[in-house]
Amino acid sequence: MAEPSTPPPAAAATSGLAGLEERLFVFFDKRSRRRLVQGLLVLAAVSIPLVGDSYLLEILTNSFFYIVLCLGLNIVVGYAGLLDLGYAAFFAVGAYTTGILTSQFDWNFWLTIPAAVFFSIIAGVIIGGPTLRLRSDYLAIVTLGFGEITRIAARNLKELTGGASGLIGINRPSFFGLELNQIHHYYYVFFILVLLAVFVSFRLQHSRLGRAWQYVREDEDAAEAMGIDRVAVKLYAYVIGAVFAGVAGCFFAGKMTAISPETFQFMQSATILMAVVLGGMGKIPGMIVGALALILFPEIFREIGSVRMLVFGVVLVMMMIFRPQGIWPERRN
Amino acid sequence: MRILQVRDLALSFGGLNVIDRLSFDVDEGSIVSLIGPNGAGKTSVFNCLTGFYKADSGEIRFMDQPVTKLKPHKITQKGMARTFQNLRLFKQMTVLENVMSGMHCRTRAGALGAVLRSGSQRREEAHIRSVAQECLEFVGILALKDRLARNLPYGDQRRVEWARALATRPRLLLFDEPAAGLNYDEKERLIGLIRRIREELGITIFLIEHDMGLVMQISEKVVVIDYGKKIAEGGCDAVQCDPKVIEAYLGREDEEGAADERNRS
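If you read the sequences in order, they're chains A and B. Position in the first sequence (first residue = 1) + 2 = the numbering used here. Position in the second sequence (first residue = 1) + 488 = the numbering used here.
Since the hints were derived computationally from the structure, they do not count as laboratory data. Glycine included, C-beta positions come from ideal geometry on N, C-alpha and C. Keep in mind that the hints are not guaranteed to be accurate.
[What the hints assert, rightly or not] Below are the DSBU-like pairs computed for lysine-lysine, each with C-alpha atoms no more than 30 angstroms apart in a straight line: (1) K718(B) <-> K579(B); (2) K32(A) <-> K709(B); (3) K675(B) <-> K717(B); (4) K675(B) <-> K709(B); (5) K732(B) <-> K717(B); (6) K633(B) <-> K32(A).
[Claimed, not checked] Stretches of chain A that chain B covers, calculated by requiring three or more beta carbons in the stretch to come under 8 angstroms of a beta carbon on chain B: (7) 213-226; (8) 232-246.
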């Protein structure tokens, strides 16, 4: 049988960036090397609070928070291939669950997490159930609508959510008697959340369900012919993504102690989606790089003032032209 | 025993009768072919059987259960698998992963099992993998299991699709033009494979095919349709001599230019 024509992988590795990427790829192909680099990164992340000032910790904590959201949205957009423009709605569900239960019903913070998971699942099923039958572009519009509905509902249900001024006096979590009120506490809390999110994402990706998402993403009809219930599989992705955002929302509320509907605007959903696309859909390292880039870039270029958003926009457009697959795309051969 | 019974099946698209009161049976353990000129509605019949199209009226019974209104994945779960006329592989995935998709409907692990990687989940994954490898071995491309599907030559991509359909553990296998685009040797091997699927795995075969040599060589029964209507049914010899079949393929002698008119490919 004739050898099929394979795309030229090594041929691209001639110069500059492409060559660097190729060498990085070869380097990371070994499991032991990957483990080493991962270990070093975790070690670095754990030791940063010993040397960094609170400004740095604040930014990194914020980045960690966005990494969790990106990993959650990645399950929906990257794994299952569903365009979701209203992801902030699930983040709002988690934050408001914690906010309402601690400030108005005086619940312990930790008990609100299972409640938030529960409500995220309900929200995921309510929004996803009817909409996931739609094809991609319609789904995007409907999720956009639901995102806005959630925000407006939060603004108008004054008795429960405090209306436009939001909720204040949300209980901070405490951990074995230690109230978490320092930035380095939250740095570690969100870091643990990141580790957890990476772990869950990885396990899901390499499972029967993870493969089913990929089958549906690649060819819905063929997947159905193989006996895969495409609506159920998509709903799974949607609900799991919602739970990621819901849990992240709990800790967001606990850290800020105050939330308002304006936190959950469309721009929030768009920002998270942007980080996912920027990083490279479907890849866990891509999500980390994308979220870090999105949060760190405006901070690093703070000196140039509001011009930085313009520069950022230009960088994004360049990315989409020259590297549409993202910074750290899926790579297989 | 009849594994598949089709009764008065009808389907129309905007006033055009694609399938017109079609009835036929497929006996368990047989090899049956569905033939007809281009545009006769063969693939539409397959799409109705597998739930991709909803028939306007009529009934389809599979293993004595009605499946007319079921969704495609339910029908596959019941044991009717199909291949596609133009390959529909998961191109960005490996050959093995492609074939593993077939086992999805025979396994159950969910999100929690995946995250906790429980004992039963790990056993199930190993089982999926071994069944997929068996299917690849059966069609003779186990050596290619780690290659990306899109990088295989056409003939091997076809075989991936057959292996994938076998991995759903079907009772009835629908092949939509399995020989299309294959060379002579590959066709010979396909004939052998179809026989082995029936002999060794006990799976009933129902196929659409344009290659008459192949159809006549392996079929025990042939159903001929034209304009969505059944025009003949029976053994290979009887069907080949049937004047209606000859007319459908070649046109009627006394109608000048009818052959051209018929040639609607």
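Right, here's what the structure says about each hint:
1. A threshold of 30 angstroms between alpha carbons decides the hint, and for K718(B) with K579(B) the separation of about 37 angstroms lies outside it, so the pair is violated.
2. Under the criterion of a C-alpha separation no larger than 30 angstroms, the hint pairing K32(A) with K709(B) is inconsistent with the structure, at around 56 angstroms.
3. This hinted pair checks out: K675(B) and K717(B) have alpha carbons roughly 29 angstroms apart, not beyond 30 angstroms.
4. Under the criterion of a C-alpha separation no larger than 30 angstroms, the hint pairing K675(B) with K709(B) is consistent with the structure, at around 20 angstroms.
5. The hinted pair formed by K732(B) and K717(B) meets the criterion: a straight-line CA distance of about 12 angstroms does not exceed 30 angstroms.
6. Note on K633(B) and K32(A): the hinted pairing holds, with a Cα-Cα distance of about 21 angstroms set against a maximum of 30 angstroms.
7. Counting residues of the stretch 213-226 of chain A whose CB lies closer than 8 angstroms to any CB of chain B gives 10, so the stated coverage by that chain holds, three being the minimum.
8. Counting residues of the stretch 232-246 of chain A whose CB lies closer than 8 angstroms to any CB of chain B gives 3, which reaches the minimum of 3, so the coverage claim holds.
In this structure, the earlier hints numbered 1, 2 are contradicted, and the remaining ones agree with it.
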